[in-house]
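> Letter by letter, the chains look like this.
Protein chains: 6
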Amino acid sequence: MSKKNAYLMEEMSWLEVEEALETVKVAVIPVGAHEQHGPNLAESCDAVRAREYSKVVGERMYPKVMITPTVNFGISFHHLNFPGTISLLPETMISLLRDIVKSLKHHGIEKFLFLNSHGGNEATLDTAIVTLKEELGVKAAHIKYTLLAPEAIKKHVKSDSSGHSCEREVSEALYLAPEIIKQDELTQGEVKDFPYSLTMQNKGPIKVTYDFEEWTENGALGDATKATKEFGKELVEESLTNLEEFITDFIEN
Amino acid sequence: MSKKNAYLMEEMSWLEVEEALETVKVAVIPVGAHEQHGPNLAESCDAVRAREYSKVVGERMYPKVMITPTVNFGISFHHLNFPGTISLLPETMISLLRDIVKSLKHHGIEKFLFLNSHGGNEATLDTAIVTLKEELGVKAAHIKYTLLAPEAIKKHVKSDSSGHSCEREVSEALYLAPEIIKQDELTQGEVKDFPYSLTMQNKGPIKVTYDFEEWTENGALGDATKATKEFGKELVEESLTNLEEFITDFIEN
Amino acid sequence: MSKKNAYLMEEMSWLEVEEALETVKVAVIPVGAHEQHGPNLAESCDAVRAREYSKVVGERMYPKVMITPTVNFGISFHHLNFPGTISLLPETMISLLRDIVKSLKHHGIEKFLFLNSHGGNEATLDTAIVTLKEELGVKAAHIKYTLLAPEAIKKHVKSDSSGHSCEREVSEALYLAPEIIKQDELTQGEVKDFPYSLTMQNKGPIKVTYDFEEWTENGALGDATKATKEFGKELVEESLTNLEEFITDFIEN
Amino acid sequence: MSKKNAYLMEEMSWLEVEEALETVKVAVIPVGAHEQHGPNLAESCDAVRAREYSKVVGERMYPKVMITPTVNFGISFHHLNFPGTISLLPETMISLLRDIVKSLKHHGIEKFLFLNSHGGNEATLDTAIVTLKEELGVKAAHIKYTLLAPEAIKKHVKSDSSGHSCEREVSEALYLAPEIIKQDELTQGEVKDFPYSLTMQNKGPIKVTYDFEEWTENGALGDATKATKEFGKELVEESLTNLEEFITDFIEN
Amino acid sequence: MSKKNAYLMEEMSWLEVEEALETVKVAVIPVGAHEQHGPNLAESCDAVRAREYSKVVGERMYPKVMITPTVNFGISFHHLNFPGTISLLPETMISLLRDIVKSLKHHGIEKFLFLNSHGGNEATLDTAIVTLKEELGVKAAHIKYTLLAPEAIKKHVKSDSSGHSCEREVSEALYLAPEIIKQDELTQGEVKDFPYSLTMQNKGPIKVTYDFEEWTENGALGDATKATKEFGKELVEESLTNLEEFITDFIEN
Amino acid sequence: MSKKNAYLMEEMSWLEVEEALETVKVAVIPVGAHEQHGPNLAESCDAVRAREYSKVVGERMYPKVMITPTVNFGISFHHLNFPGTISLLPETMISLLRDIVKSLKHHGIEKFLFLNSHGGNEATLDTAIVTLKEELGVKAAHIKYTLLAPEAIKKHVKSDSSGHSCEREVSEALYLAPEIIKQDELTQGEVKDFPYSLTMQNKGPIKVTYDFEEWTENGALGDATKATKEFGKELVEESLTNLEEFITDFIEN
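Residue numbers (our numbering), protein chains in the order written: chain V, 1 to 253; chain L, 1 to 253; chain S, 1 to 253; chain A, 1 to 253; chain D, 1 to 253; chain Y, 1 to 253.
Hints listed in this document are in silico derivations from the structure and should not be mistaken for laboratory results. There's no promise every hint is true.
Copies of the same chain look alike in the list, so a pair counts if it works inside one copy or between any two.
To be verified - Below 30 Å or equal to it, Euclidean Cα-Cα: the simulated DSS-like pairs (lysine-lysine) are: (1) K105 / K133; (2) K226 / K192; (3) K133 / K192; (4) K192 / K105; (5) K105 / K182; (6) K226 / K102; (7) K154 / K233; (8) K192 / K102; (9) K229 / K155; (10) K203 / K64; (11) K182 / K64; (12) K25 / K233; (13) K192 / K139; (14) K203 / K4; (15) K233 / K155; (16) K139 / K64; (17) K102 / K182; (18) K55 / K4; (19) K158 / K203; (20) K105 / K55; (21) K4 / K192.
Starting from the given sequences, assemble the full structure and let the hints guide the process.
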């Protein structure tokens, strides 16, 4: 990625952080996962995307936001039967986020944005922000950033089932982090009928416990072979434009 | 409500439960809340609706489901500045659900459906079912049952902001539990501009911590004066038809 | 509102609670259980009795006390081998009570009375009030309300073993909530010799872990067929008179 | 080893324990406290009495019971305003007892008796035995041993308020551990009116949070100057005789 | 009181503690263990040594330190396969220490020294002091007191593997608490090759999970038959001299 | 770093992990921190060093070990007054490690090595391995890898106080990750007298709570201007040679 100005805590000394804190209003905490992404992508996919997208946010919102190190594990029990997947318990993730937020509050930051790349983290992050407001009196928000790019997704995603290791996710990777793509292995998802009607897997509102292999044989959805760097770029740009609007509101109110 | 056949655990002796367990495949756990509902409704609204709707589910799915006592507190910190609201911490609710599920598993039940009436519980229930599958090896699902009636809602809800103490919720109450309505106080929500664009309050995907009084002065959204028993009935019937389809799948797979 | 005046939170809107808080000094929290009560009673017996008795307390002490929703699960592991029983872990109940008390403290209440109907909850409530005083700085008390009616019990209970689904408990139900009685099934307890001398079961002071089926075959003690509404009324009235004395002291000191 | 035969774990090597385990059926765990006992006694009073009484139990029940090291802190928040008192949270004590029981279960013991000298521990011990049965599948009992000597107490205690640093407790100390008595300081309790009727302090069944200085100015109840070694001996002997009966049952069933 | 002047809380009434608190600046908390010590020593060895050594510290530092009751269980999972060993979980010990420190802070003490006799406790104590500083704002230190006597150890220990039930530990016992020695059983450790190079057992820095029987057949290291009271005295004196220096600094800064 | 063969989970798909698991015997988990490192280094220093050193371990021990994603936060409360430092509670880190180990155990791995770069993590890791053995039955080890290079350190470190952002740590960075060095800011540590004799800071064995600014004004020890890539290389090579010996033993036993 680029060498534009951005407050990336991983690259800064305490003297540099001290200076940054004069203008920084929001800490952006990238939250990913370490879980199988079919044959198409390295298991660090969500952690890497959260980190790389957050870097661009850091550039766009400079000098008002600071990007923390990445939370590189997430809630991934439903992928655990695919080798290599690592899952946190929700309560572990909340403890981890609490400690990060408490430390940053000690440094004077009072607003926090969890920048999430993994659907499995959403409920835990929702629970976390409610808990952190109650316990620490901070303001907090979270967003799965791909939800901020509905136009790009509507334009480019043609598969019936998508959302994991599909043309959308591989396109993002082509733009943000091509090194995590297994170029020679790109394959369509081997999607199976999911037996419960009206559940999330069938575009309904019901949530049910499941293992990902009940939904797809090879761990992927959609069609990774349709991925393009252009789609990735459009998605990221649309998402960024929308996110910038929110962060501006978040800083001002 | 009715006197049709339904396995309502609150009304049964252990001998009756023992007999019911010969056919019961799913335990339905009504999950509500105790929180302000503007001038229009008693604070028990969500607990009562969850309980009453579940009773109808019990009748519809008899003798395959059993209805447990209601979880009558929920996650309601955002309503806490309105007198009388009581909120659980998410971890408390999960402990409570774990104990209920563990006890029922001891009696031989292996599938659980949390029937939820309160949006603020969704993330915690999502977290709960993942945790319970991991810890106890059970199958579990949850649904905010109003999400299963999109047609009725589209037809009847005309307000811009809705979802709490609005025409939809009061209509449900007219059909399911008229005793919780403050008939002489029915008032429109005194909705205010919510300052963060793209957040849930503005129909966007971002979640941010807030207090409900930042959104509505009197604690209500929408327009309770537009509520009708007919809308309530249509909503419940549409939801039930959809839910029956899911439960049937849930039992068979 | 109830027939007589009483502040029952389940029936009140936030505006009504706001007004009530001008005179309310004590929150009364009914604490019950969901557990087998032999062939004689529905499993919700303790929750229903705690709720109904508390309503009468609300009337008697109006406008100085407010009655919260009922805690409808208790500590019932010793009944778990009878189908349908649900038990909380003590730590779950304490978390639940802590959240309720914390919410009510936010609304300005500083004194709390746990009104208990189930012997199995006593140790946990004792632990809870000590913990809540230490953590939240509130005043709290608890009482199993039948202990406040020694005269009525001495007069009416003739069985050797009693205290669960016996003539005393069914009499209370006849007076407070006849709908939970299985009128056609009323049966004597099938009491067995309890093998440990000097334990609570043998009227001694030693507490030992046990399963209720070691004490009674059908889950009942005493003789439910001897129950009368009159005994129920006497018990409730005696208890209320005593409790009123305590609450008056509790408010004034 | 002690003067008489007794399996006191504090004095044994692992080889001696290994041999003892061939006959031992019950582990006796002395549970005390470290809290103010007025001017009359050292603050270790409860820990010392639990330990010394347990030693005699060890002799009486040799070779069937083994005495563990003493739990020398208890639940004493109500004494905390008297200098030197140390109190555990109930959850800390339960964790401590769980670890002790788990370790002993590893060595093959399956029955546990908590021998308690302090009223403030009773609810926590009650909670503990229920929790330990549920979690570890062990049998457990607890008793405040002075409750097993009603005759001696009835005969010798004449004070109105007693139960802490009174003639009963000092008499026990005279018999079991005279070194903890402050012989030159023996004083009557400076008892005050306790403002809540029907509470434990006024011989009623209601439990209310309080600080001990609300009940007695100098931290003592009763009249320590009336203590005699004879009373102590009678109390211990009566209690032992009763306890032996229970332990015999406990071993056989 | 003890022979010489020392503030030993176990022996003091609250009136005596109140007076002592006028000069006391540091609470010394003896932390031991209950675990096998080969054929040579009673299992209470570490608890007894921590207690006895602390008494001498109390005399030496009178009237500036106060000695609390002993923590008589420690982290001993690696000894659990030897009969009689009892181990706490690290989190249990931290809860216990937190409660002790919180109580003493209530009495006005702000500096705490955990005086430790058992290597297995060191990591937990290190974790504890960091946690207690963060949570309670107190100053805390810990030391395994034998580490303060390098000269005596270098002079007297000749065995290759030592540190548990060896000539060093039995020498200490000869000086501090001869009653815990099994004089007729004194035996050399039956030490085995520990299979992992560079681990602590082989004088390297790597820590690996293990069971003590992998290191020594009879549970002892070194050579207990070489123990002398003189070595014990030299060790204690050297350690005390060093500790006095630290405590003096700790009080003044 | 290099492109030699190594099983780096961050770069692998589940199919690649599946294949690797045929030969892998040990999971290596890099554990770092995010804390101030004076003016000389980025705050990610410990996380980066743990990650980069572990990669080399992965190459050296290929195909027998697999390297997990890095734990990029550690126990750093003592650095919290320097802007940007983030600290976990010890219990949070243990929960995180437990979840990682549990997931990997699900994939068939039974031996775990925590490769640590930060002194502040040592006690927590020690506690973690004991806890994980007890709870999950796994074998686990941990090492601060610089402790395996005593020769290189003795040869190159000349400063009186060292161990944090000193010539040793900057030399490592020069060899492993030069991008984290602030080349233009390299400065000597501004070390102050630490007031407690015999503590770790004064090369003694006593551990005391402190804030790092009590020890060094600018957050660094030693003399970063003396750092050389050669020292870094020698240190890493010596450490690797020793670690290889341990891992070989760990696999075989």
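> At most 30 Å between CA atoms: does that hold for K226 and K192 within a copy, between copies, both, or neither?
Within. Shortest intra-copy distance 20 Å satisfies the 30 Å Cα cut-off; inter-copy 44 Å does not.
> Please sort K192 with K105 into within, between, both or neither, judging by C-alpha distance up to 30 Å.
between (46 Å within a copy, 28 Å between copies)
> Treating 30 Å as the Cα threshold, decide for K233 and K155: within, between, both or neither.
Within one copy only: 13 Å inside a chain, 39 Å across chains, cut-off 30 Å.
> My question is about K105 and K133: at a cut-off of 30 Å on alpha-carbon distance, are they close within one copy, between copies, both, or neither?
both (12 Å within a copy, 18 Å between copies)
> Go through the copies and call it for K182 and K64: within, between, both or neither, with a Cα cutoff of 30 Å.
For K182 and K64, the Cα distance is within 30 Å only across copies (23 Å; inside one copy 36 Å).
> Between the shortest in-copy and the shortest cross-copy C-alpha distance, which are at most 30 Å for K105 and K182: within, between, both, or neither?
between (40 Å within a copy, 26 Å between copies)
> If the cutoff is 30 Å on CA atoms, where do K25 and K233 land: within, between, both or neither? Let me know, please.
within (27 Å within a copy, 41 Å between copies)
> Are the CA atoms of K203 and K64 at most 30 Å apart within a copy, between copies, both, or neither?
Classified as between: cross-chain Cα gap 26 Å, same-chain 38 Å, threshold 30 Å.
> Is it within a copy, between copies, both, or neither that the alpha carbon of K133 lies no farther than 30 Å from that of K192?
Between copies, since 22 Å is at most 30 Å while 41 Å is not.
> What label fits K102 with K182 when the C-alpha limit is 30 Å: within, between, both, or neither?
between (38 Å within a copy, 27 Å between copies)
> Between K229 and K155, at a C-alpha cutoff of 30 Å, which is it: within one copy, between copies, both, or neither?
For K229 and K155, only the intra-copy Cα distance (14 Å) is at most 30 Å; the inter-copy one is 42 Å.
> At most 30 Å between C-alpha atoms: does K192 with K102 qualify within a copy, between copies, both, or neither?
Answer is between; shortest inter-copy Cα gap is 28 Å, intra-copy 44 Å.
Hints 6, 14, 21 from the earlier list are contradicted by this structure; the remaining hints agree with it.
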